[in-house]
Amino acid sequence: MEEYPEELRTPPVALTCLVGCPEVHPLITAYLHSQQPPINAIALPDFSNIPVIPPKKSPTDTPSAPLAGIIKRDWLSKHRTRIPAVLAAIFTSCDLSADPAHWLQLCSHLDNLKASIRGRNIKLVLLLVTNWDNKDDTSEERILALRKRAEVDLKNLIIFVPDHEEELQKSLNRQVPIEVFGLTSIIFLKVWTVFGELAATYYRDEGRRVRSRLEKKNYTSIELYIRYCFKVAIYAEFRRDWLEALKFYEDAYHGLREMVGTSTRMPPIQRLVEIKAVAEQLHFKMSTLLLHGGKVLEAIMWFRQHTANYRKLVGSPEVIFLHWEWLSRQYMVFAQLLETSSPNDALYVPSTASVPEEKPTEWEFYPAYYYQLAATYMKEKNTCLEFALSMSVDVGPIDGSAESVVASAYLGQYSRLLEHEDTFIMQPLTDEEYAHYALAEGKRFQDSFEIIALLKKSFEAYSSSKAERAAAYCGLQMAREYFCLNDFSNAKQMFDSVANLYRREGWLLSLWEVLGYLRECSKGMSSAKDFIEYSLEMASLPEATGSVESFANGCGPAGPATHSEREKIHKEAFEVSRGELTLNSDEQNSAFKVNTDNPLYLEIDLISPLRATLIPLVAFHHPTVKPGAPSLITISLRSQLPINVEIDQLEVQFNQSECNFIISNGQKPQTGLNSNIQPGHRVETAPDLVLATNKWLRLTYEIKSDLSGKLECIYVIARIGPNFTICCRAESPASMNDSPLWKFENLLETIPIKDPGLALSGQKAIQVEEPDPQVDLILGSSGPALVGESFILPVTVSSKGHAVHSGELKINLVDTRGGGLLSPREEPFSSDNLHVELVDMSCDTPGDQSEAPSDNIQKIQPSFGLISVPSLGVGESWSCKLKIKWNRPKPIMLYVSLGYSPQSDEPSLQKVHVHKSLQIEGKTAVAINHWYMLPFRQDPLLLSKLKSVSETDQAPSLALNEKTMFIISVKNCSEVPLKLLSMSIETEEKSSACTIQPQQEEFREAVVNMPGEEFKKVFTIFPKVNSSKLKIGTVSLRWERGEQPHSNTNASQVTKHRLPDVSVELPLLVVSSECPPHAFLGSPFLYSVKILNQTEMLQEIKCSISDSQSFVLSGPHSDTMLVLPRSAQVLAYMLVPLGLGSLQLPRVSVTSVRYSAGLQPSTGSSLVFVYPAKPHIDLKPGDA
Amino acid sequence: MIVCLAVVGHENNPLYIQSFTESDDALKLHHIVHCSLDVIDERVNNPKKSSPAINEAFLGLLYPTENYKVYGYLTNTKVKFILVTTDLDIRDADVRNFFRKFHAAYVDAVSNPFHIPGKKITSRTFGERVSSIVKPFGLNSAS
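Line order of the protein sequences matches chains R and Y. Residue -11 is where the first sequence starts when you use the working numbering, and the numbers rise one by one after that. Residue 355 is where the second sequence starts when you use the working numbering, and the numbers rise one by one after that.
In silico DSS-like cross-links for lysine-lysine, where the CA-CA straight-line distance does not exceed 27 angstroms:
no., chain 1, residue 1, chain 2, residue 2
1, Y, Lys382, R, Lys731
2, R, Lys683, Y, Lys473
3, R, Lys444, Y, Lys382
4, Y, Lys455, R, Lys347
5, R, Lys300, Y, Lys423
6, R, Lys283, Y, Lys423
7, Y, Lys473, R, Lys731
8, R, Lys283, R, Lys235
9, Y, Lys423, R, Lys347
10, Y, Lys432, R, Lys347
11, Y, Lys473, R, Lys742
12, R, Lys454, Y, Lys432
13, R, Lys454, Y, Lys423
14, R, Lys871, R, Lys904
15, R, Lys556, Y, Lys382
16, R, Lys235, R, Lys204
Hints are computed from structural coordinates only; laboratory data are not their basis.
Whole structure, please, built from the sequences with the hints as guidance.
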């Protein structure tokens, strides 16, 4: 875009001219320029400078002479810089008020001025500069006279007061939104407005004048039509009427299209050059207008049409390069326009214009696309130019005529400048001369740099929009260009990055081409290593499928991607590696030869592209091995090189360097290679080491390692010839994956190892195990642990074959259910949260007491313990005891591991580990339960019981001042018999609240409670205080294991059970029935029901008795009676039993009317046993 | 005339690429096909900007070069077909139709039990069938 002149690149700005009174010029010009739209001003200090404005040519010469060109080269610049639309004559008030001589001079100036603008339609403005002080001095007549003389309207005469404060203030009060350069004034605004209006009028008039010629078809040739359209468009642009400008540019462009076939004005080559130059300019204008208007889509469509129109117009073959240059410029300029306009406007503007049937694709919105094509055409130009140059031998400075050729007055035309008697004459050129000139000009430029610059722009733009493949293609073209310039390092860098993409995506042919270039680059840079690497990679590429013959050319320096070519490259590479071939590209680079001083060392890792050249797979046949025991290892090598390769020596390296070994080729004398063999290292000899294409060379050897741990093969190093080494990183068959290049090939699948299982899962590493421990670790288990007790677990270390040195015992407690360990992690030491904890580790060191305290590292955490084991000789043993406490029932896993070294001298290495684990169940030992019972055949009426039938959580109610029994039962939940030692109830409240009998009982002989058995103990309670919440106390049970495993510890445990609170209240009525425990057939007995009223009220009681077949009864059958306050009433029945055995007494139901509470005695309490006759034993009556 | 036809796999690797020109610009066609993968990527990743039918396999014109037009097609298994033609005034419907036939041929080729999915297509029958589809293509559109 920079090659276009400034006036073309920027939108036109109206031009004014200031004459006279130079001191105010800077102010006015600066102000005008800063406004929107701006106005440019030419400042002429003196009236004598007026002739700067070019006079109007007389219009007579145009029609007769044939037209010399389409658009004058300097027309636009003339109108932008030299012909003003408005001319402002500036006078001071002094000029006016001065003496008549002054006035006369002023008038003559004015006349001159008018004369100079005569013919042109330039508007005249008068500016009168006056000071505030003598503002009124200027006489009105003089001003009027001046105006008359100048023939200007009143509004075009402006009185200009540059330095008045008040005026300034006034303008501010009017809030005119102008603030310029410290001097704010309404006058300035007026000047700008007047100038702007007049300029608009001027350009409109000019435009209209030219347009009228168009409308009247008042033109003689198509050239004039184009010129007129162009002029109208430019005038419209001056007025900022973009739409009209666009329309006329389009008209001009279409007119130009018509001219292509018809014009005969000039010789054909130059004619086309001119047309293209004009088309270029018109199109540039249109694109700019469209893009700045945000109409990206239309601009792209226009551009597409533009290039389609002119692409075919290649012109005469000798200057065809001019066409490509022109086309390339079109693309480049459009790209630049697109690039500069896109940030301002949204890229995808919905356009109202008719969208063509074929929408532009995504890339046509990217400048990168156009840059790339510009580069392509530039390359085309370069090729054509070189061809043209080679065809015409005589081009050059021999013919001096080329130098005198200059651009002529018309756009796109060239002519010869002849000096003829002090004047210069423009002489038209013939086409031959022009072609000559163009060739000479073309020779002066280095196109390659321009191509690279264009491609680089495209490359960067594509990269930033994540189009990596297109970017790679640009990179490739760029690299080719560098290559042509012999700039190998830049070329290589680009080629390398491109090659990576092609490798990754498996584009063989493209990769082949790039590698071919890279090979040449490394040759040029005299890098034998790179040369060999690229050669080997090329040689081991897969066969290109498809019609290989058609790729015979166009693959760059590598030649066609055929098998024979690969073989050639292969041979060449190995010749260089053997030093038989010297690698030299040209004279200035020093030749490079592989020899003893310059050995060649290649490294192939897991991501190297050379993996196809040589891939070593190493597989151990077993996953683990005992130390010192032999294990088989298979080394498989494969190469995709087209010709067999013979390896002289293979070295296999492990992480344990003692295991390294060398395989030498039995077919070859190992001269020169023996230096690699270190003394003491193992050397194997293989019958031959020849790698055939895509065939595995399998070598299996035994290997032994004495060190436990991981034994891993790291490198396989192949030596071919004395100075060529390839070091490959070993790979496991299990994790081998083919490179993308080979992955998609339809290749015969071969397995690296004969055993298919090993081929799929073989590993290059083997685990060498620890030596077998010869120490026993015994965990003495004694069944489940019980909650509360300190469970003691003996651990014994007994040596059988190994001495134990620096042994360490690690203990871990783990929850068997996983998840949360023994306690929340946050507070591991607060014992409340611990369910199970390791309390203590005690050890008895029988042998050497003296050593123990210092050496005995002991570390205890609730779930972890560490204890050091003293040195033990063979056959000795040592034990310690772990004390573990369960706070809650929970099963845990106990892991104990012993690490020791059998030798005392090297404690750090080779520790032997023994692991043992044990699951221990933690169980609750006893479950304590309780319930309350009333005395036999006695029922107190408790109001709370009546009310709260539904509430189940209600604390049990006990009757005040009545004896209630409660039973504590202890159930053995564990699997071992327990000995119960004592049971006691610790009351919490003061003893007056209730009395409990017995308070504490030590069992005289420990009660043995077998698993599952229940032990019951009866207590009585006598509440003495009326309370709704009476705390009774806690039952404490002391017990110990029935069979104490370690009798030396007194391990009795206490289990506590808190009795729930009870409510105590006074019973209102107490009903108690009395009858003998047994009766005799036929003999009567007394059955009485006693109702005790403990209230202060008279209680009405209904009672009834049901009939029974087993008895004959006497007494009230059904009755209502009144019980006096604090007294008792007795219902007495006399019963005669009629049946035998355990008989149900007649049921007496007692109902209190006041509380509507009835009493139904339970069936258990109303049984009596009837004997047939009185036994002979003497029974005491009333024994119940 | 169709000058190049390519089947491109999941890793943007060529599974089948065949050019039908006499001249030596096979490599250039490779590059054109390779670059057009970028357009496919963009079009597939930003589906809104392109054709309204998201489920459509035919991707339309990928990008115009000065001498060629490149069309794309994406199968349900995300295998891409790319067509390079020298016919500059070609109807979408013709290309669509062509791709349909080609897709059928491709499906038959990969259904061959001896074909390993994901590997290059080397079947000669496939090649012959493709040529038989390619040949009448230019004639149809010309008429």
